[in-house]
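There are 2 protein chains.
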Amino acid sequence: MPKILAITGGVGGAKLALGLSKCLPAQDLLFAVNTGDDFNHLDLHIAPDIDSLTYALAEQNNTELGWGRADESWQFIETMSSLGGQSWFRLGDKDLALHMRRTGLLKQGASLTEATAIITKAMGIKHVIAPMSDEPVRTLVHSDRGTLAFQHYFVRERCEPRVTGFDFDGISKATINPLIQSFLPICDGVIICPSNPFVSVDPVLTLPGMREALTRIPVIAVSPIVAGLAIKGPAAKMMAELKIPATASAVAAHYGDLLSGFVLDQRDADQQSAITPKSYVTDTIMDSVKKRIQLAQGCLKFLAELA
Amino acid sequence: MPKILAITGGVGGAKLALGLSKCLPAQDLLFAVNTGDDFNHLDLHIAPDIDSLTYALAEQNNTELGWGRADESWQFIETMSSLGGQSWFRLGDKDLALHMRRTGLLKQGASLTEATAIITKAMGIKHVIAPMSDEPVRTLVHSDRGTLAFQHYFVRERCEPRVTGFDFDGISKATINPLIQSFLPICDGVIICPSNPFVSVDPVLTLPGMREALTRIPVIAVSPIVAGLAIKGPAAKMMAELKIPATASAVAAHYGDLLSGFVLDQRDADQQSAITPKSYVTDTIMDSVKKRIQLAQGCLKFLAELA
Chain A
1 MPKILAITGG
11 VGGAKLALGL
21 SKCLPAQDLL
31 FAVNTGDDFN
41 HLDLHIAPDI
51 DSLTYALAEQ
61 NNTELGWGRA
71 DESWQFIETM
81 SSLGGQSWFR
91 LGDKDLALHM
101 RRTGLLKQGA
111 SLTEATAIIT
121 KAMGIKHVIA
131 PMSDEPVRTL
141 VHSDRGTLAF
151 QHYFVRERCE
161 PRVTGFDFDG
171 ISKATINPLI
181 QSFLPICDGV
191 IICPSNPFVS
201 VDPVLTLPGM
211 REALTRIPVI
221 AVSPIVAGLA
231 IKGPAAKMMA
241 ELKIPATASA
251 VAAHYGDLLS
261 GFVLDQRDAD
271 QQSAITPKSY
281 VTDTIMDSVK
291 KRIQLAQGCL
301 KFLAELA
Chain B
1 MPKILAITGG
11 VGGAKLALGL
21 SKCLPAQDLL
31 FAVNTGDDFN
41 HLDLHIAPDI
51 DSLTYALAEQ
61 NNTELGWGRA
71 DESWQFIETM
81 SSLGGQSWFR
91 LGDKDLALHM
101 RRTGLLKQGA
111 SLTEATAIIT
121 KAMGIKHVIA
131 PMSDEPVRTL
141 VHSDRGTLAF
151 QHYFVRERCE
161 PRVTGFDFDG
171 ISKATINPLI
181 QSFLPICDGV
191 IICPSNPFVS
201 VDPVLTLPGM
211 REALTRIPVI
221 AVSPIVAGLA
231 IKGPAAKMMA
241 ELKIPATASA
251 VAAHYGDLLS
261 GFVLDQRDAD
271 QQSAITPKSY
281 VTDTIMDSVK
291 KRIQLAQGCL
301 KFLAELA
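Residue numbers (my numbering), protein chains in the order written: chain A, 1 to 307; chain B, 1 to 307.
Note that these hints are calculated values from the structure, not bench results. Here the structure is a predicted model, which is why all the values come from computation and not from measurement. Every residue gets a Cβ at the ideal spot worked out from N, C-alpha and C, and that includes glycine. A hint or two may mislead.
So, partial list: chain B residues that the calculated Cβ filter (under 7 angstroms) puts toward chain A [as the list claims (entries may be wrong)]:
1) Leu42
2) His45
3) Phe76
4) Gly85
5) Ser87
6) Ala97
7) Arg101
8) Asp169
Use the sequences and the hints to build the structure in full.
See below:
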């Protein structure tokens, strides 16, 4: 079995991650997850991308909403709202328990990695979810409404501000998670899941030493842009605002010579010639678990061919 | 209208408090509430007696359980338990929102009094709920299993340890809530609601200056012991363990010369001769809102006669 590092952000990336988890045993697959959109809210440490992956791998993701936990209820947040408390970040009753548990573990001195391991084990997840770093990195969104903390941009302002750029506060002092550090030398390939290149993947790639460590390993990325649209989230809107065409080939160009290969959707097959690395055209719409597994298998085969 | 201070603890006292709130307008009635059983749990400031009164006055108390908030759900605590977190203190989803709101307000610099005012106003309560003090006082239960924080004794250990005595940690440095301080000089009478004398009422009475301030005001107490049993909670069990007869007259003796009058249940009419202050015998079982109002009316009449 090859040893694969999967870099992933939110809900879109988590779909491919689930597929990969069905193809590779725990010791051969490590998830490196963006923590740039983590934030402190109601004195809780909220880690949206870690949680999206946790819920996806536990098959406890809320498929109706497209985010959060399955079989969720909203008594807490509705009561909080009625008491005049903050309610713009919709914390479900079950989801809240995860944030409280993590925050409690962190306050007891656990690292984010340790807290994540305890929670994922309790949820029956065998694969390791590695936060990209145990040190805080916070994505800042520069926009026509000023600089916003990521969740303020993403949830409170519903991605409405026009973005002009991003910063990853704290990244120069952050170190790559030791679990990822020790996996990199034995890693046979890296898959960048179809997550937002700017705010989900770039924080991981911008960690000091990360790009250098990846140069000796075949890296492929799966386009989060299909037919000019983001399957989920503001990637296409951001690209337009940044004066980048909202295309799969522009995503490939964004990652540049980091990539050995690029996976794009069959709807964008005509862009293949505009893509520098080798490309693999397939159906990337993962609207069932079966299709998540199929895309994961396709990615693993493509990586093997590149090696 | 007379101006009345009502001293109250948990659910039993809150029943009479609701009755009083239906008899007296907000400016003529102040609730002085025990905070000795407040505690920090999951990094939340939990104030069980303030909340019991809040839910009772908002008529949002859970009548099925006999504690907590009406129409409650338990998704949070069940998930917390499944994640290996602490779940011995049963936080309902709605109840949790109140604790989170209060904790947030306290962290923003509000006093417990201010936080309580914001929450009670949001819940439509017109009367003022005054925590006995804004400084922390913590009831410690000395027992055959050692010294326990009150909620550990009360909830976690289900009142099973045999008590040997109590301490109110921090009380020598605690000051009476300024709202209570300024109400005392204009107060016409004090009603000690049928709460546990040792752990609900004694913390209030033990605040520096409280007993002295009450000497010039007629004070009546309503027995929480009826026919040798506590209507709710461990009062009778505690009395047995402290080698005090579990009787209404022993409750009167416990309060001693603080009392101008004592209200006992008709089932205990034979104890009247053993009670030093004037006594009033009536039906004290408040199993309906109507009976809560009737007992409140009886207490107010009794107080007026004593004045």
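Query raised in the report: Given Gly85(B) was flagged as interface, is its beta-carbon under 7 angstroms from a beta-carbon of chain A?
Result: holds (4 angstroms)
Query raised in the report: Under the criterion of a CB-CB separation shorter than 7 angstroms, is Leu42(B) in contact with chain A as hinted?
Result: holds (6 angstroms)
Requested in this report: May I ask you to test the interface hint for Phe76(B) with respect to chain A, counting a Cβ-Cβ separation under 7 angstroms as satisfied?
Outcome: OK, holds: Phe76(B) within 7 angstroms of chain A, min 5 angstroms.
**Report entry** Given hint Ser87(B) near chain A, where the shortest CB pair must fall under 7 angstroms
**Finding:** violated (9 angstroms)
Requested in this report: With chain A as the partner, please determine if Ala97(B) meets the hint condition of a C-beta pair closer than 7 angstroms.
Outcome: holds (4 angstroms)
Query raised in the report: Holds or violated: is the Cβ of His45(B) closer than 7 angstroms to a Cβ in chain A?
Result: violated (11 angstroms)
Query - Closest C-beta approach of Arg101(B) to chain A relative to 7 angstroms, hint status - result: Status holds, d = 4 angstroms.
Query raised in the report: Can Asp169(B) be said to touch chain A, with a Cβ gap under 7 angstroms?
Result: violated (23 angstroms)
Checked against the numbered hints listed earlier, the structure breaks hints 2, 5, 8; every other hint is satisfied.
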